[in-house]
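Residue numbers (our numbering), protein chains in the order written: chain A, 1 to 92; chain B, 1 to 186.
It cannot be assumed that every hint is accurate.
When the alpha-carbon atoms are kept at most 25 Å apart in a straight line, the in silico DMTMM-like pairs for lysine to aspartate or glutamate are as follows [claimed, not checked]: (1) Lys62(B) to Asp47(B); (2) Lys172(B) to Glu13(A); (3) Lys77(A) to Asp60(B); (4) Lys77(A) to Asp121(B); (5) Lys172(B) to Glu56(A); (6) Lys172(B) to Glu141(B); (7) Lys62(B) to Asp26(A); (8) Lys156(B) to Glu141(B); (9) Lys156(B) to Glu71(A); (10) Lys77(A) to Glu57(B); (11) Lys77(A) to Glu126(B); (12) Lys62(B) to Asp27(A); (13) Lys172(B) to Asp117(B); (14) Lys156(B) to Asp26(A); (15) Lys156(B) to Glu56(A); (16) Lys156(B) to Asp69(A); (17) Lys52(A) to Glu126(B).
Far from chain B, some chain A residues (derived; all Cβ distances over 12 Å) [to be verified]: (18) Thr33; (19) Arg36; (20) Arg39; (21) Lys77.
Treat the hints as calculated values from the structure; they're not laboratory data.
In this text, all values refer to a predicted model and were calculated from it rather than measured experimentally.
Note that the Cβ used here is the ideal one computed from N, Cα and C, for glycine as well.
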Amino acid sequence: MKHLVSWMRDMAECRHVRPLLQSYLDDAVDESTRERVARHVAACRRCGREAKVYAEIKAALHRRGAGADPEAVRRLKVFASRLAEHGDVPDL
Amino acid sequence: MRHSEAAADEVRAEAFTRYVLPETNLLFRVALTLTRQPADAEDLVQDTLVRAYRAVERFDGKHPRAWLLTILRNTHLNRNRRRRPALFNDPDHALAQLDVVDPGGSAEDVFLDGRFDAAVDAAFAELPQRYQQAVALVDIEGLTYQEAAHVLQVPKGTVLSRVHRARNKIRKRLKAAGFVRRGGGR
Numbered sequence: 001m002k003h004l005v006s007w008m009r010d011m012a013e014c015r016h017v018r019p020l021l022q023s024y025l026d027d028a029v030d031e032s033t034r035e036r037v038a039r040h041v042a043a044c045r046r047c048g049r050e051a052k053v054y055a056e057i058k059a060a061l062h063r064r065g066a067g068a069d070p071e072a073v074r075r076l077k078v079f080a081s082r083l084a085e086h087g088d089v090p091d092l
Numbered sequence: 001m002r003h004s005e006a007a008a009d010e011v012r013a014e015a016f017t018r019y020v021l022p023e024t025n026l027l028f029r030v031a032l033t034l035t036r037q038p039a040d041a042e043d044l045v046q047d048t049l050v051r052a053y054r055a056v057e058r059f060d061g062k063h064p065r066a067w068l069l070t071i072l073r074n075t076h077l078n079r080n081r082r083r084r085p086a087l088f089n090d091p092d093h094a095l096a097q098l099d100v101v102d103p104g105g106s107a108e109d110v111f112l113d114g115r116f117d118a119a120v121d122a123a124f125a126e127l128p129q130r131y132q133q134a135v136a137l138v139d140i141e142g143l144t145y146q147e148a149a150h151v152l153q154v155p156k157g158t159v160l161s162r163v164h165r166a167r168n169k170i171r172k173r174l175k176a177a178g179f180v181r182r183g184g185g186r
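Full structure from sequences and hints, please.
Quick look at the structure:
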């Protein structure tokens, strides 16, 4: 009986935490929620693994950003510097 | 008179150098997300830089990134209006057509190898554009939900919903491709 009550309590916590996992990983929850989610994902294998999947997806997506053309960025920085130095504003 | 104009130019240049120049890289990456074409993105950022230069003397110095993203977004909208007036007011139906997030399921393991990023890329490419934009701004560019909402001109909750659903769709694709394994329970 004690195990059943404990299991139901854990399941209720899973249902509460799982919708918050992504916001937690995005650092978009308040402090008490962050602590609650962190505590739960450390203890719950299922939610911990789901959080890990989302974290790996986030990390893989972030790595895509490294592909921005550095030459285009360099040209834009030159353009911006020219604006700052000479106030050289072409007509739009 | 000439002296005061020179002083104003100096103030403008100083503010532009302080608030705008450090964000050039970010502006280009966000522009890429909006236009999806490097040449268009470069043009958009040039226009944005010129508009920022003209407006910087009226900028109060608070939240420069949000200020710049607003200029970028408005410049992008104006360019679209000029180019594609008939397409501009397309309603957003994509949200309602997407799967509901599945709260159930078993524990999952991620298989990380050299193909994982390629699989995420492929799943990302299959997302509707609105979802790509939201997840690109948050995960690739590192914007907050609020900053992304600013760029996309939608409520913060819409960004949150799009990002979460996008990642969930990617997770499902990874699972179907065998990168995420169903495992045991608690």
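Inset, instruction - Please write out, lowest number first, the hints stated earlier that are contradicted by the structure. - result: 4, 9, 11, 16, 21
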